[in-house]
Amino acid sequence: MSHLNTGQDAKTESITPNPMNNETLGKHRSMLAIIVTKFFQNKLAVFGLIMLVIIVGAAVLAPFIATHNPNETSLGARLHEPSAEYLLGADNLGRDLFSRLLYAGQMSLLVGFAAMVSSTIIGATVGAIAGYFGGIIDGILMRIVDIVISFPNVFMLITLVALFSPSPFWLIVVFGLLSWTGTARLVRGEMLSLKQREFVLAARTLGLPKWRIIFSHIMPNAIGPIIVSATLAIGAFIIAESTLSFLGLGIQPPQATWGNMLSDAQSIPIFLNAWWFPLFPGLMIFLTVLSFNFVGDGLRDALDPRVVEK
Amino acid sequence: MITYIIRRLVMTVPILFGISVVSFAIMMMAPGQPAIIDADPTISPEAREAQIERLGLDDPLPVQYGRWLSNMVSGEFGNSYISGTPVSTLIAQRLPNTLILMAASAFLAILLAIPIGIISAVRQYTKTDYTITLFSFAGVAIPNFWFGLLLIMFLSVQLGWFPVGGIQTIGGEASIMDRLHHLFLPALVLATADMAGLTRYTRTSMLEVKSQDYIRTARAKGFKESRVIYKHALRNALLPLITIFGLMLPTFIGGSVVIEQIFSWPGIGQLFMSSVFQRDYPVIMILTMFSAVLVVIGNLIADILYAIVDPRIEY
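Keeping their order, the protein sequence lines are chains L and D. Take any residue in the first sequence, count from 1 to its spot, add 538: that is its number in the working numbering. Take any residue in the second sequence, count from 1 to its spot, add 13: that is its number in the working numbering.
FYI, nobody ran anything at the bench for these hints, they're computed from the structure. A quick note: this is a predicted structure, and the numbers were derived from the prediction, not measured. Yeah, the Cβ is synthetic: ideal placement off N, Cα and C, and Gly gets one too. The reader is advised that the hints may include incorrect statements.
[Said to hold, decoys possible] Each pair of labels, with its calculated beta carbon distance range: (1) L825/L <-> L260/D: 25 to 31 angstroms; (2) F671/L <-> T146/D: 40 to 46 angstroms; (3) G97/D <-> I682/L: 34 to 40 angstroms; (4) F236/D <-> P620/L: 55 to 61 angstroms; (5) L730/L <-> D323/D: 20 to 26 angstroms; (6) T230/D <-> G727/L: 33 to 39 angstroms.
[As the list claims (entries may be wrong)] Short derived list, chain D residues pointing at chain L, Cβ under 7 angstroms: (7) I28; (8) I155; (9) W159; (10) L162; (11) G267; (12) V271; (13) S304.
Using the sequences and the hints given, assemble the complete structure.
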């Protein structure tokens, strides 16, 4: 159960850094306390959170946990079955799958997370500007959103990655450039309703600069839906990265990612004799994405005042 | 209604224009001349110049764009740099296969997802509901290429129930059963994500309708529960789902790239992948535009259908 504790501690810490909040528990509980309680009542969300703590923890601690050098090939260990030495078996070049999965996790999670950050920053900025200023600016920005949203994502992604560069940095840039539209629409909507509120009027009366009103007064109030969509986006980016890498277009070996590990795992002899090789890398993608989706959905319900506590 | 459709159609023009500019810009910025020029190291400088001249690669960019766009609009898609075949021929050869795959997936998704979603909603908070919800979460999160690999590994290779790929047995007689046999796995994999999404939509939509006053009225009138659900609730619950079909198109066309690659399905997606690997620019550009047009058409159909079906929509 130690995993469960670490999971909860990490979450409580990140959501309620201020101990003051705990004092308000009781009759008049703070918003935050209600949200945290609601989140932890959701079994799937808690499961997702625990899984993520384990997966992220394992990736970060890869140098300490890995039993082998992830890129070291060994002729004798080709397609070695799972055993005490090779916990999850070995791949077609005799590399230890378990160790490789750990290091692949670093890259897959990093790309997913960084892509989320870049798309959220672009989307939130465009949405905030469009929503706050309205008028022509809004019109132009929203037409751009209409265009970008109609891009055939898979075709555009493959073209951009295949013709330019398969580096992690470029993947992150491309993901960010193609995926910010949802966040932009979301934030614009929040802006439109929030800018009518009194606290914005107050800030304006004080003569604060517009960028400050937008980013330090309005934005914090729109943070809930942004976090939800960002959490769900990480999962989508991890799938996108692994798909590209699987097709041989994304991150290139020897650097392992869960996706490019699978591109070596498709041949009849492997399907017949080495089920572990195609199974485990995909399982990692699946569990990670599933966990992000559970947490994202849990956060959405927890932040939605219409969803009451059970 | 007509004005709404016309306005909606006019709105798609700038969108398509934007997409065409971006696709063109990407191709022009892409490093390296097309493969045909660099493929042959013994090519003489004069022949190389002639080649560049013939393909019009040294004209100013706006001129190249204008030529490309007017060719596109008039249906002149140009020739593949690699094989010299007209791109329209390449597309015509492969499009039917992709359309069959997409139609089969849509059929599977709708056939399974709507009844499952209804069951889930009718039995809300039961074990059945939880199981269905879990599976639909899984369906959204599972990477389609991995799901495809697993099915090929277990069902095709180990158990021998299905062929490992292709559209029909090579050399065999092309019977309908043989085609369906080859079609089933790729269609299932392509349908998975949308099936899961559609199940969730159906469930949510059904639950919303179930709490409406007219459902309570129907119950109060003493109708049987089955009649309340299938006659009164279902019709209204299915309304918003119509839009989903239009939105399924982009995921299908995107998913087909990966699925066709895994199942060696000779469709548009496979053509696209081989063109990308060979840097066959005309084919890449046209397929990108082509898929964008499909996405835009999908959205258009969804909007128009919704306006037709739901009289509350103003237009």
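Going through the hints against the structure:
Taking the beta carbon of each, L825/L and L260/D are about 27 angstroms apart, inside 25 to 31 angstroms as hinted. For F671/L and T146/D, the hinted distance range of 40 to 46 angstroms is satisfied, since their beta carbons lie about 41 angstroms from each other. Remark: the range hint 34 to 40 angstroms for G97/D to I682/L is upheld by a beta-carbon distance near 38 angstroms. Evaluation of the 55 to 61 angstroms hint for F236/D and P620/L yields a pass: the beta carbon distance comes to about 58 angstroms.
Distance hint for L730/L and D323/D: a CB-CB separation of about 24 angstroms, consistent with the stated range 20 to 26 angstroms. About 34 angstroms separates the C-beta atoms of T230/D and G727/L, a value consistent with the hinted range of 33 to 39 angstroms. Checking I28/D against chain L by beta carbon gives a least distance of about 5 angstroms; that is within 7 angstroms, so the hint holds. Below 7 angstroms, beta-carbon pairs count as interface contacts, and I155/D has one with chain L at about 5 angstroms; its hint therefore holds.
Checking W159/D against chain L: minimum C-beta separation of about 3 angstroms stays under 7 angstroms; hint holds. About 5 angstroms separates the beta-carbon of L162/D from the nearest beta-carbon of chain L, less than 7 angstroms, and the hint is met. Interface hint status for G267/D: upheld, as the beta-carbon distance to the closest one in chain L is roughly 3 angstroms, under 7 angstroms. Of the supplied interface hints, the one on V271/D holds, with its beta-carbon coming within about 6 angstroms of a beta-carbon of chain L, less than 7 angstroms.
With a least beta-carbon distance of about 4 angstroms to chain L, the hint placing S304/D at the interface is held under the 7 angstroms criterion.
Violated hints: none; the structure is consistent with every hint.
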